[in-house]
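Asks: So you can see what is in the structure, the chains are spelled out below.
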Amino acid sequence: MKDQILENTKVPQIVMHNHRTQLRRSLLSDSHWDKKQNMKFLFWKGGEEEMRRKRFLTMTLGAFVVVLALIFVFMPKNTQKVYAEQVAQESFKAITSLNPEELKNLKEKVRDDSKDILEQAKNAKDLKYFTYDEYVKANPKFAHIPTPPKLDGEKIPDLKNARFLEFTDTNGAKVMVAIDPDSDLPFFITKKIFKGEIIKRIFKGEGKGTGEPGNAVFRTQNGGEAGGFGMGIANKEGSRDIMFQVKTDGKAPVLTVNGKKYELPEGFTPDPGTPPDIKVEGEDVYVNGQKAKPIE
Amino acid sequence: MDLTKEKQLIERARTDPLAFGTLYDAYYQKIFNYVLHRLAKSDVAADITSEVFFKAMTKLHTFSWRDISFSAWLYKIANNEIKMYYRKKERRFFSLEFLFEHRGFEVPDLQDIEQDYIAAEEEIAKYKQFKQIQEALVQLPILYQEVLVLRFFEEKNLTAISEITGKNLNTIKSLIARGKEKLKKQLATL
Numbered sequence: 000m001k002d003q004i005l006e007n008t009k010v011p012q013i014v015m016h017n018h019r020t021q022l023r024r025s026l027l028s029d030s031h032w033d034k035k036q037n038m039k040f041l042f043w044k045g046g047e048e049e050m051r052r053k054r055f056l057t058m059t060l061g062a063f064v065v066v067l068a069l070i071f072v073f074m075p076k077n078t079q080k081v082y083a084e085q086v087a088q089e090s091f092k093a094i095t096s097l098n099p100e101e102l103k104n105l106k107e108k109v110r111d112d113s114k115d116i117l118e119q120a121k122n123a124k125d126l127k128y129f130t131y132d133e134y135v136k137a138n139p140k141f142a143h144i145p146t147p148p149k150l151d152g153e154k155i156p157d158l159k160n161a162r163f164l165e166f167t168d169t170n171g172a173k174v175m176v177a178i179d180p181d182s183d184l185p186f187f188i189t190k191k192i193f194k195g196e197i198i199k200r201i202f203k204g205e206g207k208g209t210g211e212p213g214n215a216v217f218r219t220q221n222g223g224e225a226g227g228f229g230m231g232i233a234n235k236e237g238s239r240d241i242m243f244q245v246k247t248d249g250k251a252p253v254l255t256v257n258g259k260k261y262e263l264p265e266g267f268t269p270d271p272g273t274p275p276d277i278k279v280e281g282e283d284v285y286v287n288g289q290k291a292k293p294i295e
Numbered sequence: 000m001d002l003t004k005e006k007q008l009i010e011r012a013r014t015d016p017l018a019f020g021t022l023y024d025a026y027y028q029k030i031f032n033y034v035l036h037r038l039a040k041s042d043v044a045a046d047i048t049s050e051v052f053f054k055a056m057t058k059l060h061t062f063s064w065r066d067i068s069f070s071a072w073l074y075k076i077a078n079n080e081i082k083m084y085y086r087k088k089e090r091r092f093f094s095l096e097f098l099f100e101h102r103g104f105e106v107p108d109l110q111d112i113e114q115d116y117i118a119a120e121e122e123i124a125k126y127k128q129f130k131q132i133q134e135a136l137v138q139l140p141i142l143y144q145e146v147l148v149l150r151f152f153e154e155k156n157l158t159a160i161s162e163i164t165g166k167n168l169n170t171i172k173s174l175i176a177r178g179k180e181k182l183k184k185q186l187a188t189l
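So the protein sequences, as listed, match chains A and B.
Residue 249 in numbering that gives the first Met the number 0 sits at position 250 of the first sequence; the count goes up by one each step and never skips.
Residue 119 in numbering that gives the first Met the number 0 sits at position 120 of the second sequence; the count goes up by one each step and never skips.
The hints are simulated quantities; they were obtained by calculation from the structure and are not laboratory data.
Keep in mind the model is a prediction, meaning the values are calculated, not measured.
All clues stand as given, with none of them false.
Pairs of lysine-lysine residues, derived as PhoX-like cross-links and limited to a Cα-Cα distance of at most 20 Å, are as follows:
| id | chain 1 | residue 1 | chain 2 | residue 2 |
| --- | --- | --- | --- | --- |
| 1 | A | Lys9 | B | Lys183 |
| 2 | A | Lys80 | A | Lys173 |
| 3 | A | Lys53 | B | Lys58 |
| 4 | B | Lys184 | B | Lys172 |
| 5 | B | Lys181 | B | Lys130 |
| 6 | A | Lys121 | A | Lys190 |
| 7 | B | Lys130 | B | Lys179 |
| 8 | B | Lys82 | B | Lys29 |
| 9 | A | Lys127 | A | Lys80 |
| 10 | B | Lys87 | B | Lys40 |
| 11 | B | Lys87 | B | Lys75 |
| 12 | A | Lys9 | B | Lys179 |
| 13 | B | Lys58 | B | Lys82 |
| 14 | A | Lys9 | B | Lys125 |
| 15 | B | Lys130 | B | Lys29 |
| 16 | A | Lys9 | B | Lys40 |
| 17 | B | Lys166 | B | Lys82 |
| 18 | A | Lys9 | B | Lys29 |
| 19 | B | Lys130 | A | Lys9 |
| 20 | A | Lys173 | A | Lys127 |
| 21 | A | Lys103 | A | Lys114 |
| 22 | B | Lys54 | B | Lys82 |
| 23 | B | Lys127 | A | Lys9 |
| 24 | A | Lys92 | A | Lys103 |
Based on the sequences and whatever the hints tell you, model everything.
Replies: In structure tokens form, the structure reads like this:
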């Protein structure tokens, strides 16, 4: 029995009801919990050492992510912009080195003041550089644009090797300049002007054929002869609402809106360098603020 | 308490007083009685129990399941506090009065607690054999007190004792065997 004394001893099981209740109340209303609630995000599973380790790992990971973000988000942008500026600068230099005759030819070819455009490109805050593939990826409909025409047997630059610059000009138009990598000269320029609900896409140059709906479109009224210019005006969804065609061989210009033809208002002189402002309000069409008369 | 539920409760209790309250309810009685069985003094047992739960509350963020169970962790704190008590008996524990003074706790109704003490002492007095063994136990080195009380009064198995004391199973077995011998000798002298 004596050997089993410990095993056989009955022990009191005391219930300290008041102490238990008051200690509970005291602990649970302690200011310790206010601090813990505020620092909840700092308390993770595991012991303090593990928590410190996790915090350290998280902070390291966080710092790593920030560095990666800087490298992959900001640096490439800056690099790309610097390269775009360099391309614009080189093209600008190539243009300024042209003699007056060559400059005139270039103006006819791209139907715009290349020097002014490249000057604007150099200073544009949103100047971007694209390869052909990158540009088509960002602007899938561009792939449907007809190849720029050949002028007097001149070699046609390969669009797919071209350098593309994109920026917003001083009029708010989105300008794309395709630059021949061999000569550094622009050979193809498009402008997109956003006005109200209608997007005008202006394609200056010469050529023939029809573009896909919503694309910049060039057409001549009598089937492809040089000397005309045209515009496709697309809505925001990209489908074409207006085909504006102008003949420059002396015949009366015709405006076509959704398949319906209109005479251009008196006093309106078609000028490829100054695209008209066209507004469509129901069945009425306004050219530079003047109502165009429908052709029956 | 279901182990999974207890783990979830502990995670919540790091910041949620209500979850801590549930753990307190589950373990208060066990810890209080363990301390009481070690010291046989209800007022000291109450103070040490207050200290154990106060420390559990403030140090819960250091607790890791990988090392020991929550129950073992509480017993471990209790063992340390008992050692402190023996080492420096005049040391003031976090009694409810102390907690009130230093932590702004609600004023406890000391009269009610006093009644608890009186009732507890009366109850302990009924357990004559326990009182006798307890008097002999406290004469033994603390090492033996711990394992003997845990094994025979708290009915913990060897693995649980090993977890609480941090000693391996063979050491525990040896401590129990030698502790019983020493206790027998001690009882013979009383």
